[in-house]
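Chemist: Working from the sequences, and respecting the hints, build out all of it.
If you read the sequences in order, they're chains A and B.
The first sequence lines up with residues 1060 to 1412 when you count with my numbering.
The second sequence lines up with residues 766 to 1029 when you count with my numbering.
Simulated from the structure, these hints should not be mistaken for lab results.
Just so it is clear, the structure is predicted and the values come from calculations on it, not from any experiment.
One or more hints might be untrue.
Stated by the list, open to error - Some chain B residues close to chain A (C-beta under 10 Å, calculated; not the full set):
#	residue
1	L850
2	A857
3	E862
4	A870
5	R930
6	L933
7	N968
As the list claims (entries may be wrong) - Quick list of the computed label-pair ranges, beta carbon to beta carbon:
#	chain 1	residue 1	chain 2	residue 2	range
8	A	V1097	B	L956	54 to 60 Å
9	A	R1226	B	D942	33 to 39 Å
10	B	D942	A	V1351	52 to 58 Å
11	B	G882	A	D1383	22 to 28 Å
12	A	H1218	B	G792	46 to 52 Å
13	B	D993	A	D1303	31 to 37 Å
14	B	T845	A	R1226	25 to 31 Å
15	B	L1027	A	V1402	57 to 63 Å
16	B	G882	A	V1287	46 to 52 Å
17	B	A828	A	A1200	34 to 40 Å
18	A	R1226	B	T910	28 to 34 Å
19	B	T910	A	G1084	27 to 33 Å
20	B	R787	A	D1222	58 to 64 Å
21	A	L1189	B	H856	49 to 55 Å
Claimed, not checked - One side of the interface only, derived from the structure: several residues of chain B facing chain A at Cβ under 8 Å:
#	residue
22	V823
23	A827
24	T846
25	G882
Positions of the beta carbon are idealized from the N, C-alpha and C atoms, including for glycine.
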Amino acid sequence: MTGAEPVGGRQRGGGGTRLRGVLLGLAGLAALFLSLAVAVTIGPADISVPDVWSAVAAHLGWGEPELTPIRDGIVWNLRMPRTVLAAVCGAGLAVCGAVLQSLLRNPLADPFVLGVSSGASTGAVAVVVLGVGGGVLTVSAGAFVGAVLSFALVLLLSHTLGDTTDRVILSGVAAMQLFSSLTSFVVLTAADAETTRGVLFWLLGSLSGTGWTDVWLCAAVLAAALAVLLLHARTLDAFAFGQDAAATLGVRVGRVRAVLLCTTALLTAVLVSSAGAIGFVGLVLPHAARAVVGAGHPRLLPVTALAGAIFLIWVDTLARTVLDPQEVPVGVVTSLIGVPAFVVVLYRTRKVT
Amino acid sequence: MTVHGVPEGLAAERVTRRAGGRLIVDGITLAPRPGSTVGLLGPNGSGKSTLLRLLSGVLAPAAGVVTLDGVPLPRLGRRTTARRLAVVDQHATTQVELTVRDVVALGRVPHRRPWSGGTPEDERAIEDALARTSLTDRADQSWHTLSGGERQRAHIARALAQAPRELLLDEPTNHLDIQHQLDLLTLIAGLPVTTVIALHDLNLAAMFCDEILVLKEGRAYAHGTPADVITEPLIAEVYGVRARVTPPDPADPLDHPSVRFLRS
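Modeler: Structural data, given as structure tokens:
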């Protein structure tokens, strides 16, 4: 790379120019839309990418419907919402993981470190098994209430215990254990076998039976949360050497931490309420993304979101097709595929010292 | 130094900090002359680090006030403070995979808006800081491959990229061999900024500081030039060890007292 760089671009080394960043972003978005289109075609009923396009165009008012109502229904009402929700969940969980790992300076942090997923499971179980809410509360609503309660408990605990980073993590672990035990207790004492199976499936994460209402809700929350998180991207860089170092770089640490914890917890709560606790994505994809684009958050966060979206689209496609007609919980498949991939990534970027 | 009672630069006025019912820092007043190097001496636990954290605004004093050009730090705000006051810690480390340039670029965080890219001014500040600390050749190397001395230099470069007028350092020469200690302190003392630096080594403090504040149990025990402060009775009283101090040659303005410790 020589002299003719755009003003403000990096002069040399260190990851290339802004142009390259834009190209990478465009390529990622193209890969995302291609994944969406192709994933929808996979499965019984022999649907092609042009079919998907014409169905989407018709529903968005850009063209005339060309498919039979049944095929159109398969694309627009069955597979499309499910695939889009997979993308939204993948993006949201991965980006929450990246933010929490940096903010809490812990490579093991994931979106569930704040107790949100176990709180959600207790809430869901309370509705399904115990009938809390008297039929007015849906499973998702119950899960959301549980997640928020659990996160509130984590905040309260960590505040009482001294508000340092490790206290936040320990409070999260405590809440996670508490709510997991509650969930197990309720399921084992009150549920019949069939309900237990259903609950277990939900706990492992499942995108089946998704409707557009879920998708729009999750997508809207994701968009809002992404805006907040991206606005703090450079601030997150400043946490590399710890909270005190961040403070001396002009970061209002207490405020930033509160905003980021609440944003990630809220986003995770909404996603978990709709799709269950899909594990692994939030823990591992940030590490994989870091290995590819480096640790700078202005680039890391969008790349992590894109990678999470594409990853979960394909994992969910596999989950619904591999044992067809039976479905595998998507959380199971994420780990089965993700772990070997993760080992490869870590091996290729291992430190030779 | 003071115009109409408003101190220029960084000043602490009777600052106090409590922890666990004990006074860690007890009514310290300090107003370094702009451009000078002030050494903080004192045994472990005498309050040097806490005083530095009060001066940087990371900790809030229980009583008293820290000001920049007469404005209390809380009123100035974190970001404005970070644009002119930089801190180098004992051995701040990270697990994040960063290049030396990435670390130095952190110094530009308080100068940038969340969405803006690097301006030519940012680039200039980063290149300048790398050059001043002789790290230009290492800029694209991983921070994790640096030696202890190079890491401290990288932190100083990051601090310089903040374009500070005040620089606070907490025992930056810990764990370094003598050559690197001398190199680092020569670099620091030659910077055109006001420096407050906590040190353990009395001889190095005498060599490089214009002024020394000796802390004992959180209080200012002595304050003055190295020749005034570093004396045999003070070393016995503050550190509880015996030493011979050779006073500076009055004919040589650059000479400084030197300390030789004795077996008890």
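Chemist: Close enough to count: is the Cβ of R930(B) nearer than 10 Å to one in chain A?
Modeler: R930(B) check fails; min Cβ-Cβ to chain A is 14 Å, beyond 10 Å.
Chemist: Is the interface hint for L850(B) satisfied, with its Cβ closer than 10 Å to some Cβ of chain A?
Modeler: holds (8 Å)
Chemist: Please test the hint of 46 to 52 Å on the beta carbon pair from H1218(A) and G792(B).
Modeler: The hinted range 46 to 52 Å is violated for H1218(A) and G792(B), with Cβ atoms some 31 Å apart.
Chemist: Honestly, do G882(B) and D1383(A) meet the 22 to 28 Å range at C-beta?
Modeler: Given range 22 to 28 Å: violated, Cβ gap about 48 Å.
Chemist: Holds or violated: E862(B) as interface residue toward chain A, Cβ cutoff 10 Å?
Modeler: With a closest approach of 5 Å, the E862(B) hint holds.
Chemist: Double-check A870(B) for me: the hint is only fine if its C-beta lies closer than 10 Å to a C-beta in chain A.
Modeler: This interface hint holds because 8 Å falls under the 10 Å limit.
Chemist: Would you settle whether the hint for L933(B) is holds or violated, based on the nearest Cβ-Cβ distance to chain A being less than 10 Å?
Modeler: Holds. Min distance 8 Å.
Chemist: Taking the beta carbons of V1097(A) and L956(B), is their distance inside 54 to 60 Å?
Modeler: Given about 59 Å between the Cβ atoms, the range holds.
Chemist: Look at the Cβ atoms of R1226(A) and T910(B) and judge whether their distance stays inside 28 to 34 Å.
Modeler: Taking Cβ atoms as reference, R1226(A) and T910(B) lie about 33 Å apart, which means the hint holds.
Chemist: Going by Cβ atoms only, is A827(B) closer than 8 Å to chain A?
Modeler: violated (18 Å)
Chemist: Could you say whether the range 57 to 63 Å given as a hint is met by the Cβ separation of L1027(B) and V1402(A)?
Modeler: holds (59 Å)
Chemist: Is the hinted range of 52 to 58 Å satisfied by the C-beta distance from D942(B) to V1351(A)?
Modeler: Given about 38 Å between the Cβ atoms, the range is violated.
Comparing the model with each numbered hint stated earlier shows that hints 5, 7, 10, 11, 12, 16, 17, 20, 23 do not hold.
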